[in-house]
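Next come the chains, spelled out residue by residue.
There are 2 protein chains.
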Amino acid sequence: MADKAQIQEAIEVQGEEVRKLKSEKASKEQIDEEVSKLLQLKAQIGEDDGKHQFVLKTAKGTRDYNPKQMAIREKVFNTILGCFKRHGAETIDTPVFELKETLTGKYGEDSKLIYDLKDQGGELLSLRYDLTVPFARYLAMNKITNIKRYHIAKVYRRDNPAMTRGRYREFYQCDFDIAGQYDAMIPDAECLKIVYEILSELDIGDFRIKVNDRRILDGMFAMPWKEVRKEMVSEKGLSEEVADQIGEYVSLQGGMELAERLLQDQKMSQSKQACAGLTDIKLLFSYLQLFQVTDKVVFDLSLARGLDYYTGIIYEGVLTQTGIAAEAQNSSGAEESVSVGSVAGGGRYDGLVGMFDPKGRKVPCVGVSIGIERIFSIMEQKAEAEVMYKKNPKLLSQLQYCEDSGIPLVAILGEQELKDGVVKLRTADISRADLIAEIKRKTSEA
Amino acid sequence: MADKAQIQEAIEVQGEEVRKLKSEKASKEQIDEEVSKLLQLKAQIGEDDGKHQFVLKTAKGTRDYNPKQMAIREKVFNTILGCFKRHGAETIDTPVFELKETLTGKYGEDSKLIYDLKDQGGELLSLRYDLTVPFARYLAMNKITNIKRYHIAKVYRRDNPAMTRGRYREFYQCDFDIAGQYDAMIPDAECLKIVYEILSELDIGDFRIKVNDRRILDGMFAMPWKEVRKEMVSEKGLSEEVADQIGEYVSLQGGMELAERLLQDQKMSQSKQACAGLTDIKLLFSYLQLFQVTDKVVFDLSLARGLDYYTGIIYEGVLTQTGIAAEAQNSSGAEESVSVGSVAGGGRYDGLVGMFDPKGRKVPCVGVSIGIERIFSIMEQKAEAEVMYKKNPKLLSQLQYCEDSGIPLVAILGEQELKDGVVKLRTADISRADLIAEIKRKTSEA
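The listed protein sequences derive, respectively, from chains P and G. Take any residue in the first sequence, note its place counting from 1, add 1, and you have its number in our numbering. Take any residue in the second sequence, note its place counting from 1, add 1, and you have its number in our numbering.
Honestly, I wouldn't trust all of these hints.
Copies of one chain are not kept apart here, so a pair can be met inside one copy or by any two copies together.
[Unchecked claim] Using 27 Å as the maximum straight-line C-alpha spacing, the simulated DSS-like pairs for lysine-lysine come out as follows:
1. 58 / 360
2. 23 / 69
3. 119 / 43
4. 58 / 149
5. 26 / 443
Think of the hints as simulated: they come from the structure by calculation, not from any bench.
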């Protein structure tokens, strides 16, 4: 069974290799050579022993959830759900697949990661890559210009999985979006407030929310772009000056005062769109101050987000190395345990709905997506730690722990109990007020 | 836009036609002719007007849920979830797609309805067709021999959609299954009790739960099979006697007494497996009597279920024409509104897990699947009816209705209120005991 699985794995790797060469338009000889290796591998499985050996596994990059894991997942969902509802959002649902053309031209580079369904003689379909594009399609289709909605569902990406770090090919996104024409930056600030509330409530360690604006990035790169391009073409490298200049901006981090300073910056202020972005960031921070979340939010000029559809403010919630992420890492000892990373992201996408509307009517939108898998990995390790918190625990200290953490029932199964064929069930201490009721309950049971 | 959609629809139909001919291995000429029609249709879209016209729709047989619909869906889920939990089930989750070979050979005829993913150079994957096969794969993979679990998730079938009757290509199944070796018919009876509880609690009209046993069916058809076969070969039709005999059995309906009678039946008792089935049915009914659900359960020899993997008891929950299904139909007037049908189904599948285990170790399983879509269609029409229950309602009768049905707040916006620019908010009558608290609350608000 193990050998078979290894060959299957090798076939997969080899298959990817062939696909890569084809996409790179490698020479026919090179492709043929790799294809023949692939066929040899496949033949090994075929020759095997005549009997069909079944590979018992889930698809690459996916996982099952057992009941214990489901309980943790539900807890995380409830926290997120509670926050979304508190902020007045309704929920919708959309199908797991969309017409392929609905997803076309929305994700830039990342489009190659979209799962397509086989053409079985009907429509050409793809699994959804996120919940944002289906949401925009939904708005355009139903001519909705105004909604605050959340959507918690699975999305699909043919990415290189790194499951120990919580990166999967099937994973949940928890999206909250505000569509409609409102006063500038108020919905945007609410999205950041939501990230702040959820990451605080989940209690998974310290975090930061990085904020930037697509237009500042665009403006920054537009400034010396002609020179950059010349340099790149002629020497395949940035000139030192330009690199320094971009590097200088990109290393900047701060709050409202940084936005103010950059608005005074001579080079920066030459770009209209960069100024628009900076003005919005400034306004945003004034709302964030009112919302009392500026202790975790940082204006970070190095933040960029891959998706094509963002038009203004962008942001990302990251866990910082301190806190529980690190604790979990230490307690399990393994280096490949949960690593710190992005657990939330989003931004403003004012053009996306218009791409679906027959008349191109725009609906301004801003939203945020909470990625559950990394959070879940941390929570899971935390729960694990609950069980193995001591290597050689004394009974008394275990009982003390239960009392401290409110665990109401303890089953004790020691040597004596094994010998007697019983289990000692110890209830936690109860308050004086509850004593009579408890005794009554106990005696009526008997 | 409409023409484009019509052509798209025609392309789809024509595509299915070509696929059908190919699967039937029709003559090359015939296939070529239909393919050329298909290409002509596709060319029409290409020629269009140069501009790419986007078709704004969800995939065939799928739907979005708006917030109002989600609220109804959640209500249905909560009822089902509550029942599953009450019966002590844990929950698991599995990926939306499985390795194609995991699904192979499990569904017989219906396998052609499985959605395959495109081969993008990795594993061959298919969307799950039900939750039962992934559950069996999960049990085998984790060597679990004992679990009571529920799983509420979407499944996928390339079936002919009939969406007005609640038949979709993407739809929810709410599954409850018991795996493990237990005394005969006790888990089976619990599954039927669950269907009974859920259909009662949902309050969607009268229902019946039909029960049969795969082995009775097999035994019945085994009995005169040689003759049947001879007849079918020589004359392509059943002999009148055999047809009568099978017809006679198949029309039988009853309870425990029918099982007893059939056990005495000379022809029936010749088949060992039919007798085993009848004995189990008899035992099952004795538990159903204890559970007090025999008023809705009927032993029906005509019941057959398509899926290959059933090995014993099978059952199906159907809504009967009376009750709300019919009411909804009358109130909306349209004939194509919700039609009555199967809303739950299941049975015993003792061999499925063994198909996944490398050593073929079996885990006996029995389960039930509640189909939410038809139930949801009815609930949705019911909610609709709540609003338009009278064409020309008098105010007093509306208030009476609110009082009767426990609606606590009524907003009144009549001609006078419009003139005054106010809305009258009327609270429902409250009990004497609550009066003081209510007055205190009201006055402290002001």
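Between the shortest in-copy and the shortest cross-copy C-alpha distance, which are at most 27 Å for residue 26 and residue 443: within, between, both, or neither? neither (77 Å within a copy, 74 Å between copies)
At 27 Å max between alpha carbons, let me know whether residue 23 reaches residue 69 within a copy, between copies, both or neither. Intra 43 Å, inter 48 Å, cutoff 27 Å: neither.
Homomeric proximity label, residue 58 with residue 360: Cα distance no greater than 27 Å: between (47 Å within a copy, 16 Å between copies)
Alpha-carbon proximity context of residue 58 and residue 149, limit 27 Å: between (39 Å within a copy, 22 Å between copies)
At most 27 Å between CA atoms: does that hold for residue 119 and residue 43 within a copy, between copies, both, or neither? Answer is both: 21 Å inside a copy and 18 Å across each meet the 27 Å cutoff.
Against the hints set out earlier in the document, violations occur for numbers 2 and 5.
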